[in-house]
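Heads up: the sequence lines are chains A and B, in that order. Okay, so the first sequence: first residue is 0 according to numbering that gives the first Met the number 0, each after it adds one. Okay, so the second sequence: first residue is 0 according to numbering that gives the first Met the number 0, each after it adds one.
Don't take each hint at face value.
[What the hints assert, rightly or not] Here are the simulated DSSO-like pairs of lysine-lysine, each with C-alpha atoms no more than 30 Å apart in a straight line:
no. : chain 1 : residue 1 : chain 2 : residue 2
1   : B       : Lys206    : B       : Lys145
2   : B       : Lys160    : A       : Lys20
3   : A       : Lys28     : B       : Lys287
4   : B       : Lys160    : B       : Lys225
5   : A       : Lys179    : B       : Lys79
6   : A       : Lys197    : B       : Lys225
7   : B       : Lys145    : B       : Lys160
8   : A       : Lys197    : B       : Lys218
9   : B       : Lys287    : B       : Lys160
10  : A       : Lys20     : B       : Lys79
11  : A       : Lys170    : A       : Lys103
12  : B       : Lys76     : A       : Lys103
13  : B       : Lys280    : B       : Lys268
14  : B       : Lys268    : A       : Lys170
15  : B       : Lys248    : B       : Lys214
16  : A       : Lys174    : B       : Lys218
17  : B       : Lys287    : B       : Lys268
18  : B       : Lys225    : A       : Lys168
No lab work stands behind these hints: they were computed from the structure.
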Amino acid sequence: MTVRPHKVAGVFMLDSHLATKGEAIYGEKVFGEYRLWSPQRSKLAALLKKEENVPLRPEQIVLYLGAASGTTVSHLTNIVSLVYAVEFAPRVARDLVRMSEHFKNVVPIIADALQPDYGHIVELADFLYQDIAQPTQAEIALTNAEMFLRTGGYACIMIKARSIDVTAKPKAVYKREVKKLEELLDIMCVHELEPFYKAHAAVIARLA
Amino acid sequence: MTIIKTWFGEIELHNDEIVHSNVLKADADAIAMRLQEEEFADLDKQYRGRLRQMAIQLGVVTSEEDYISLLRTVAIKRAKEQIAAAFARPDARIMQLIGGIDDIDESINLLSERLLEWDILEFEISRTSDLAETHAPQSTTYPALKHEFAESIERLSEMRKKTAGAIELEMHAIAPNLSSLAGELLGARLIARAGGLESLARMPASKIQVMGASKALFKHLQFGAKPPKHGLIFQHPLIRGSPLNKRGKIARTMAAKLAIAARIDFYSKKAYPELVAQMEKRARELSKPAIREQV
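Based on the sequences and whatever the hints tell you, model everything.
Okay, structure coming up:
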């Protein structure tokens with residue numbers, strides 16, 4: 000097996016498998032000090048597998064919206080300095096909190112990202128990551144970018160076309176969502192997450 | 000002069016200099032308590048970028064690592080409280096019970112089907128004495144095993160009765176109007192599908208009408224198939240027992256009344272028996288043949 004660093008510092012390729020360095024937490028496969036990161040379980044992994052130029056850096060503070068049970072968060076903590084992980088549903092937030100107890104750099108927040116009431120807790124973020132399957136997801140991204148993202152900071156927004164409009168073609172939905180995001184953000188690129196996720200795309204943007 | 004309210008305390012600034020502060024020093028319990036009790040407004044972006052520095056300057060923490068460590072401890076504490084509170088909702092239990100009923104039903108069906116197949120096998124073998132001899136079971140526990148299988152099914156149906164009884168009690172307490180209009184089980188199912196009594200109370204009647212028929216609904220929206228007349232509420236005897244061509248109209252009325260019932264239940268809990276009477280009257284009117292209109 001050959002190990003090579005991914006373009007994103009802190010991420011590694013073990014042959015064709017993505018991995019980060021750290022303690023295993025949710026039953027993922029481990030090779031030595033590497034934890035495998037499956038693109039089937041994490042949209043960020045799917046993105047990193049398809050595109051190496053993702054502006055994640057070790058010193059960044061990340062605001063993560065839609066953290067769910069924290070699978071992706073747990074890998075992100077191996078890459079960046081601090082993750083503010085927001086999740087609304089109590090059932091999955093339970094797993095997120097349990098996971099947070101294992102990492103020194105995760106701050107779990109139970110809140111509705113559409114009405115952010117964590118303004119007194121979260122610092123200025125360098126990177127906004129959003130994985131929320133809601134029809135209002137563009138609005139959520141804009142609200143949070145405006146409140147929390149520093150000038151020059153990056154955003155990565157996962158769009159699930161099926162959650163926005165099941166009747167429209169996914170590509171048309173991406174276009175519409177990107178247009179909404181352009182109100183505030185400079186769009187850098189859009190990547191579809193096929194074959195790992197159907198009708199999903201990742202938008203990478205920057206706050207000028 | 001600006002006063003900002005952060006998670007670790009209040010800070011008063013004048014020309015960007017801290018002139019006064021009221022902060023809680025490294026006391027996670029006290030901070031978590033304050034987060035729960037007080038209201039917080041949004042913070043201006045210029046201060047958000049300075050939170051760490053201000054906390055260190057004010058002696059809340061001694062280093063950046065300390066800042067993260069304290070914040071993390073507080074956040075985990077607060078999150079645990081919020082999770083506990085979310086699970087303590089009265090409708091959360093009803094949703095578990097209804098899920099339990101569905102699981103029991105599924106189990107009963109599976110086991111019954113198995114037992115039936117098993118019985119057919121035995122019966123067919125026993126019809127011919129030759130076969131009965133050559134195919135006799137090798138294990139002596141065989142008849143007892145079969146019996147135990149049947150007993151399990153019986154135990155499950157006992158359990159179902161008890162679960163349904165528990166749902167009835169819970170439903171009377173938190174949703175009296177929904178219970179009398181829809182029946183406790185259907186009412187509980189509607190709550191479960193909506194994701195809670197509050198969500199159901201905020202739902203438009205048109206959504207309640209087709210809740211549980213999403214496949215048909217999306218076939219309608221996507222491909223122009225006929226719209227569904229009813230989802231879960233089809234289980235109601237007034238709809239199921241009505242002539243096919245009236246069911247749509249009755250379902251519409253039913254959904255409207257259910258929406259009202261859910262709202263009364265969530266916001267006031269007062270019993271409003273007129274709802275049931277109105278519904279029955281309307282169903283009678285709708286079920287009548289249309290000949291009278293010619294008079």
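So, going through the hints one by one against the coordinates:
Of the supplied pair hints, the one linking Lys206 of chain B and Lys145 of chain B is violated, its CA atoms being roughly 46 Å apart against a limit of 30 Å. Pair hint Lys160 of chain B plus Lys20 of chain A does not hold up; C-alpha atoms about 52 Å apart against a cutoff of 30 Å. Among the hinted pairs, Lys28 of chain A with Lys287 of chain B is inconsistent with the structure: their alpha-carbon atoms are about 66 Å apart, more than 30 Å. Distance hint between Lys160 of chain B and Lys225 of chain B is unfulfilled; the C-alpha atoms sit about 37 Å from each other, more than 30 Å.
Between Lys179 of chain A and Lys79 of chain B, the direct Cα distance comes to roughly 35 Å. Violation of the 30 Å bound is thereby established for this hinted pair. Distance restraint check for Lys197 of chain A and Lys225 of chain B: the Cα-Cα separation of roughly 27 Å lies within the 30 Å cut-off, and the hinted pair is therefore satisfied. Of the supplied pair hints, the one linking Lys145 of chain B and Lys160 of chain B holds, its CA atoms being roughly 23 Å apart against a limit of 30 Å. For the hint linking Lys197 of chain A to Lys218 of chain B, the alpha-carbon distance of about 19 Å falls within 30 Å, and the restraint holds.
With a C-alpha separation of about 36 Å, the suggested pairing of Lys287 of chain B with Lys160 of chain B is violated against the 30 Å cut-off. For the hint pairing Lys20 of chain A with Lys79 of chain B, the CA-to-CA distance comes to about 28 Å; that is within 30 Å, so the pair holds. Restraint check for Lys170 of chain A and Lys103 of chain A: not satisfied, since their Cα atoms lie roughly 39 Å apart, outside the 30 Å limit. As the CA atoms of Lys76 of chain B and Lys103 of chain A are separated by approximately 14 Å, the hinted pair is consistent with the 30 Å bound.
A C-alpha spacing of about 24 Å is found between Lys280 of chain B and Lys268 of chain B, which places the hinted pair at or below 30 Å, so the restraint holds. Straight-line distance between C-alpha atoms of Lys268 of chain B and Lys170 of chain A comes to about 47 Å, which puts the hinted pair past the 30 Å bound. Restraint check for Lys248 of chain B and Lys214 of chain B: the C-alpha separation of about 21 Å stays at or below 30 Å, so the hint holds. This hinted pair checks out: Lys174 of chain A and Lys218 of chain B have alpha carbons roughly 24 Å apart, not beyond 30 Å.
A threshold of 30 Å between alpha carbons decides the hint, and for Lys287 of chain B with Lys268 of chain B the separation of about 34 Å lies outside it, so the pair is violated. Pair hint Lys225 of chain B plus Lys168 of chain A holds up; C-alpha atoms about 22 Å apart against a cutoff of 30 Å.
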